[in-house]
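Please build the complete structure, drawing on both the sequences and the hints.
Residue numbers (my numbering), protein chains in the order written: chain A, 252 to 507; chain B, 5 to 360.
None of these hints come from the bench; they were simulated from the model. Careful, some of the hints might be misleading.
[Said to hold, decoys possible] Dumping the calculated BS3-like pairs for lysine-lysine here, alpha-carbon to alpha-carbon at most 27 Å:
(1) A:299 x B:15
(2) B:214 x A:448
(3) B:184 x B:53
(4) A:445 x A:258
(5) B:208 x A:444
(6) B:214 x B:184
(7) A:448 x A:299
(8) A:445 x A:299
(9) A:474 x A:486
(10) B:184 x B:208
(11) A:448 x B:208
(12) A:258 x A:442
(13) A:299 x B:208
(14) A:445 x B:28
(15) A:299 x B:28
(16) B:214 x A:449
(17) B:237 x B:300
(18) B:275 x B:15
(19) A:299 x B:218
(20) B:208 x A:449
(21) A:444 x B:300
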Amino acid sequence: MSDMNEKLVFDRPESIIDRPTHYCPGCHHGIAHRLVGELIDEMNLAEKTLMTASIGCSVFIYNYLNVDAVEAPHGRAPAVATGVKRSRPDNFVFTYQGDGDLASIGMAEIMHAANRGEKISVVFINNTVYGMTGGQMAPTTLIGQMTTTTPGGRCQTHEGSPIRMTEIIASLGGVAFAARGSLDSVANIRKAKKYLKKAFEFQVNGTGFGFVELLSGCPTNWKMTPLQANERIQKEMIPYFPLGIFKDVSEEGGIC
Amino acid sequence: MTKKAERIFVKGNEAIARGALAAKCKCFFGYPITPQNDIPEFMSSEMIKAGGDFVQAESEVAAANMLLGAGASGVRAMTSSSSPGMSLKQEAISYMAGSEIPAVIVNMNRGGPGLGDIGPAQGDYYQSTRGGGHGDYRHFTFGPGTVQEAYDLTIRAFDIAFEHRTPVLILGDAILGQMKEPITPWEPEDVDEEAGRDWAITGKTADREKRLVKSLFLQEGELAEQNKHLQAKYDSWIDLAEAEQFETEDAELVICAYGSIGRIAKSAVRKFRKQGKKVGLFRPITLYPYPSAELKALAEQGKRFLTIEHNLGQMLDDVRLAIRTIADSDFYPIYPGNLPTPDELEEPILKCLEGK
Ligand SMILES: Cc1ncc(C[n+]2csc(CCOP(=O)(O)OP(=O)(O)O)c2C)c(N)n1
Ligand code: SF4
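Okay, here's the thing in structure tokens:
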């Protein structure tokens, strides 16, 4: 065996700690963490970053990213991040939140932080289900989707419609950037990274609030294999949650 | 060392706001509720002038969580509210206690339960001294009785918060908040804004490990250790317990009252003393830690006790716990919704004094 011809093409970003994660096989939280870690390295933000972790499967993100972090109560990450950013305006502050966290219990906090134009970045993981508590309905659960609290499938007249957060956030003043990406394929992961980068840049240059929704798989609670989960994102989620940039003030002119 | 300024005539609410500025508070997060609105209103201009920041949050829930974020960043920050708003802040306060985040929280207690009224009351004593949120925790609680004391204790609250990595509560009420009195403002010199925060999130550097501020402890035994550590911290506060004693030395009957009621009771005591009646006042200044040892010492001298509160008997528990092996305390409740006067207190005091 010779390593003479081997060339390292893919390595762990410095900002990602070298330890196994607790996520289920095929879960996309790990991919999202990696994208954030890569950008923190590439944008040289490690020493400036103050991360606000939230509640949900991703609560342990602070065990995987090598940056200072505070843990917020369920849904309150945008308020906690507001306090962090107002105290330390020169730092780079982001929240990392699931759909239950951000669109249900934390709906008020995310709307108002966005509307105030807090100069923070929000990474929003939409897997259409409450992962950590065992697969209950989320505000983003699709019509017909079976969850432990919608055993017959989500019914529009009984449980309402799945909420499209990026579209709502994009409509608010103070928002500099709002986009929806997906983590189901290499092409979409590349695009998702571009969106995250743009959102982070809008904070770094002081423009305003950046929001990136990432469609993600939860094979465990969807009761699917990782590949089936990716397929579900393509076939069921993307048609309802269209991908793309919904607001970009650099193209529209600035916000005050 | 302190720097004193000219005397000024201000409301209790404003005194607290000024005290916070003097203590180099840098961020204020508020949400309107009567009778504390003067505090956020004052801060909305003065905090910005002082080079800090003010946010009118979307709710008390958000305001308290903003405070959590600011405190975790090691910055001196404050929020204020009144009873229904305080209930909403309890989530974040429990997290702050669990994560050992320093912060100052003001409650200008109004009548309850529920929406109650906007008048003064002391019905939040349990919530303030027992830890109103989930879990086993306490926060340091001051119960100022005068406008000057409100100013002074606000400054101390910031020091204690950072020295002990804890939320500190200032429990006033509508009387204290709305009452105007002359005060002598002072500024603590050389507030070291970096002191006692080598745990705070500030951005990791090459020469230190990343920092994490959290209240989740899942590993077997870890949460027990954290709770042991917290309880030991709370126990250590006993040395900081403080009370005002007024005419207690030769008193036969000691009135136990705090905050605005303590001050009204003092007027009643003065009147009785003029009549040669041996009444004194024990007024706790720290409500948690409770000045139990001082109170017990009075019981050991054979004195009798009457607790008067603007609620239906909450501090009474602490009085009884302090003196339980020696004596008991009578109780006179002032119902929330009623505004007490010194005259109202005379009859129950007299009755007690005469052993009726
Ligand atoms: C106040 C409060 N309510 C409920 C919970 C329980 N809880 C923990 S995680 C969670 C749902 C998280 O779902 P989501 O945000 O979608 O994240 P995921 O686990 O799917 O990544 C809930 C309800 C809690 N921790 N705190
Ligand atoms: S439960 Fe779902 S979201 Fe949570 S780790 Fe497993 S796959 Fe990921």
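Check the hint pairing residue 184 of chain B with residue 53 of chain B against an upper bound of 27 Å on the C-alpha distance. 24 Å, holds
Would you mind confirming whether the straight-line C-alpha gap from residue 237 of chain B to residue 300 of chain B stays at or under 27 Å? Roughly 23 Å between the alpha carbons, so the hint for residue 237 of chain B and residue 300 of chain B holds.
Given the hint that residue 275 of chain B pairs with residue 15 of chain B, test it: the Cα-Cα distance must not exceed 27 Å. 26 Å, holds
Going straight from one Cα to the other, do residue 299 of chain A and residue 15 of chain B come out at no more than 27 Å? Measuring from Cα to Cα gives roughly 41 Å; hence the hint is violated.
Check the hint pairing residue 184 of chain B with residue 208 of chain B against an upper bound of 27 Å on the C-alpha distance. Judged against 27 Å, a Cα distance of about 46 Å means the pair is violated.
Would you check the hint for residue 299 of chain A and residue 28 of chain B, treating anything up to 27 Å between C-alpha atoms as holding? This hinted pair holds, its Cα atoms lying about 24 Å apart.
When you check the alpha-carbon spacing of residue 445 of chain A and residue 28 of chain B, does it fall within 27 Å? Roughly 41 Å separates the two Cα atoms, so the pair is violated.
CA of residue 444 of chain A to CA of residue 300 of chain B, is that 27 Å or under? It is violated: about 66 Å lies between the C-alpha atoms, which goes past 27 Å.
Given the hinted pair residue 448 of chain A and residue 208 of chain B, is their alpha-carbon gap at most 27 Å? 21 Å, holds
Is residue 214 of chain B within 27 Å of residue 448 of chain A, Cα to Cα? The hint holds at about 23 Å.
Please verify whether residue 299 of chain A and residue 218 of chain B have alpha carbons no more than 27 Å apart. 19 Å, holds
Assess, step by step, whether the Cα of residue 445 of chain A is no farther than 27 Å from the Cα of residue 299 of chain A, and give holds or violated. 20 Å, holds
Hint violations for this structure: numbers 1, 6, 10, 14 and 21, all remaining hints satisfied.
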